[in-house]
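Order-wise, the sequence lines are chains A and B. Take 1 as the starting number for the first sequence in the numbering used here and just add one per residue. Take 382 as the starting number for the second sequence in the numbering used here and just add one per residue.
Since the hints were derived computationally from the structure, they do not count as laboratory data. Quick reminder that beta carbons are idealized off the backbone N, C-alpha and C, glycines included. The reader is advised that the hints may include incorrect statements.
To be verified - What follows is a list of derived Cβ distance ranges for each label pair:
{"hint": "1", "chain 1": "B", "residue 1": "D578", "chain 2": "A", "residue 2": "S188", "range": "32 to 40 Å"}
{"hint": "2", "chain 1": "A", "residue 1": "D213", "chain 2": "B", "residue 2": "G512", "range": "12 to 20 Å"}
{"hint": "3", "chain 1": "B", "residue 1": "D468", "chain 2": "A", "residue 2": "N229", "range": "53 to 61 Å"}
{"hint": "4", "chain 1": "B", "residue 1": "Q486", "chain 2": "A", "residue 2": "S188", "range": "52 to 60 Å"}
{"hint": "5", "chain 1": "A", "residue 1": "I114", "chain 2": "B", "residue 2": "S517", "range": "28 to 36 Å"}
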Amino acid sequence: MVVKVITSNQAVAEAVKLSKPKVVPVYPITPQTTISEYLAQYVADGDLDAEYIRVESEHSAISASIGASGAGVRVFTATSSQGLMLMHEIVYAAAGMRLPIVMADANRAISSPINIWNDQQDSIAQRDAGWIQLYCENAQESLDTIIQAYRIAENEDVLLPTMVCLDGFYLTHTVEPTEIPESDKVDSFVGEYVPKYSFLNPNEPKSLGTLADPEYYMEARYEIDEALNNSLKVISDVGKEFGEIFGREYGLIDPYKCEDAEYVLIAMGSICTTLRSVVNEYREKGEKIGLLKIRAYRPFPVEAIKEALSGVKRVGIIDKNISLGVGGALYNDILAKLDINAYNFIVGLGGRDITPKDMDEIVEKTKNPVKDITWIGLKED
Amino acid sequence: MELPEEELFAPGHRGCAGCGATIGIRLALKALGKNTIAISATGCLEVISTPYPETAWEIPWIHVAFENAGAVASGVERAMKAQGMEDVNIIAVGGDGGTTDIGLQSLSGAMERGHNLIYLCYDNEAYMNTGIQRSSSTPFGASTTTSPAGKKSFGEDKPKKNMPLIMAAHGIPYVATASISYPEDFMKKVKKASEIDGPAYIHLNQPCTTGWGYSPSKTIELGRLAVETGFWSLYEIENGEFKLTYKPQSRKPVTEFLNVQKRFKHLTDGDKAKIQEYIDQQAAELGI
Chain A
1 MVVKVITSNQ
11 AVAEAVKLSK
21 PKVVPVYPIT
31 PQTTISEYLA
41 QYVADGDLDA
51 EYIRVESEHS
61 AISASIGASG
71 AGVRVFTATS
81 SQGLMLMHEI
91 VYAAAGMRLP
101 IVMADANRAI
111 SSPINIWNDQ
121 QDSIAQRDAG
131 WIQLYCENAQ
141 ESLDTIIQAY
151 RIAENEDVLL
161 PTMVCLDGFY
171 LTHTVEPTEI
181 PESDKVDSFV
191 GEYVPKYSFL
201 NPNEPKSLGT
211 LADPEYYMEA
221 RYEIDEALNN
231 SLKVISDVGK
241 EFGEIFGREY
251 GLIDPYKCED
261 AEYVLIAMGS
271 ICTTLRSVVN
281 EYREKGEKIG
291 LLKIRAYRPF
301 PVEAIKEALS
311 GVKRVGIIDK
321 NISLGVGGAL
331 YNDILAKLDI
341 NAYNFIVGLG
351 GRDITPKDMD
361 EIVEKTKNPV
371 KDITWIGLKE
381 D
Chain B
382 MELPEEELFA
392 PGHRGCAGCG
402 ATIGIRLALK
412 ALGKNTIAIS
422 ATGCLEVIST
432 PYPETAWEIP
442 WIHVAFENAG
452 AVASGVERAM
462 KAQGMEDVNI
472 IAVGGDGGTT
482 DIGLQSLSGA
492 MERGHNLIYL
502 CYDNEAYMNT
512 GIQRSSSTPF
522 GASTTTSPAG
532 KKSFGEDKPK
542 KNMPLIMAAH
552 GIPYVATASI
562 SYPEDFMKKV
572 KKASEIDGPA
582 YIHLNQPCTT
592 GWGYSPSKTI
602 ELGRLAVETG
612 FWSLYEIENG
622 EFKLTYKPQS
632 RKPVTEFLNV
642 QKRFKHLTDG
652 DKAKIQEYID
662 QQAAELGI
């Protein structure tokens, strides 16, 4: 095992190298770009034995990923923001065709106004597509999650594409000490990809991506829903097994000091590191506060969240996205599934800094709510 | 030329009586044989051939969307290479809408990157799957539902996009035009495309009984008339070298082709003369 001081983008690229996909169609976009560059260099140096396709757009990146995955090989691609929006139609197709593609998304705001900085609107906009979505907190988790993503996506009870989300710049361009696992250990953990269904083989011809009329369409959609629900257990099991082998365990959620908490903040991604110190500060002042990090946003781990929040009176839900008109996506999911006093804080859109003062405001307004949905850090005019 | 009896595009599909696209794919697959993977763009051919749980394809086949056959084919081709199965023929198939309009970027990327695959455009000169809307491959003067003839319109007012030349400008090793009514010429070109290392593009003219407006029994005849009048030409561009593969002995007047189709029936003699002039000019350029 080696420790390298690297960005999450490099951590993702290292994990991809270790997971050994055979085809890698990528199109560069800020802040994902260095992933595409690292992978190109690995292939150029012979460190990754893969077909790297220099596609002419993100739309073609995901389309070529489907072609390659449909032809029975392990695939990786990565994108961000406008690129993910351009992929949108094909993102749905990938899930509908049940292809275990792994894609990293460097979370970035979407246009207009055009903005290259971080929020999570891009991946949230894909939440209904049938992909698994895992949100990472740091470089180590980004690396570990890519490796796990292949095990999850390729599981026979799942067979769904998986999106690994990492906050643009906060993670993609920030270096942290990161353990690089040994290659043979990853080999035996991820295993060789042997597709259950070999679609595009002239010796066993099958048609993939056919027309389904009203007689068949609903069942196809139902099966995706079922597979996504199946993935709850698989994500937990894989995270546990990863912990046994590599010493870092992962789950659907990560509760911090929630056991005796009266109120809990809920969030996804890199902000959770900051929130943990906020919780520590307030705990020192005698406040019974906790943090619930959501790692798996799709499937939405309702039971795990309920269990973590049993006894909690109120929650402050921090969204780096907005479903305009109704508040953040995470907030609305919690409202739909849990009977709890929930307050929503819209933060950090388009990379707006989230200051210590903002954190205090979030804590204060969770304890003493003024309204259901509050935008934090808006400039007074 | 050898014409295998085995059908790799099975009968029983949902194509219209007299469908030209299905004749085209049937011939192409006879030329390619079983060791082939097909990639379809959304369109007539995809819709009529794969209503789940049925399929007309006796070879592996994949469809993803309307505009990305070139990119999907790129992924398939590289996956085959990664598995040491480079001997498999890869053929992407799109209609004129999926090729010359919405799929042009994806196709251009695939051609420019040099994937070893064949792209076959079956050109019926409008969006026939959705009911005869104009594409950039619709010829001058044709009435479609979105370029209708009317009091102030004689139908489509732009000439057909020259897709084969756009493909040739990519510097790919093989570009050809073909017609379903000249099966031997077409199949030879498909065979040649499969033997060439690198991208190949074949633009196949195929009459469409519903879109062009003629009796289903006349499909082959219409395809012949298109070529005999010079409305469509058969050639190939191999490593930059242009060669006519068929030259009509004497070109028939284009009215023989136009007058038997509903899409041109509104045209005045003056309009037809303009079309004839355009065809004469093209024929001179091609050496017909």
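Enumerated hints in conflict with the structure, sorted upward
Hints 3 and 4 not satisfied by this model.
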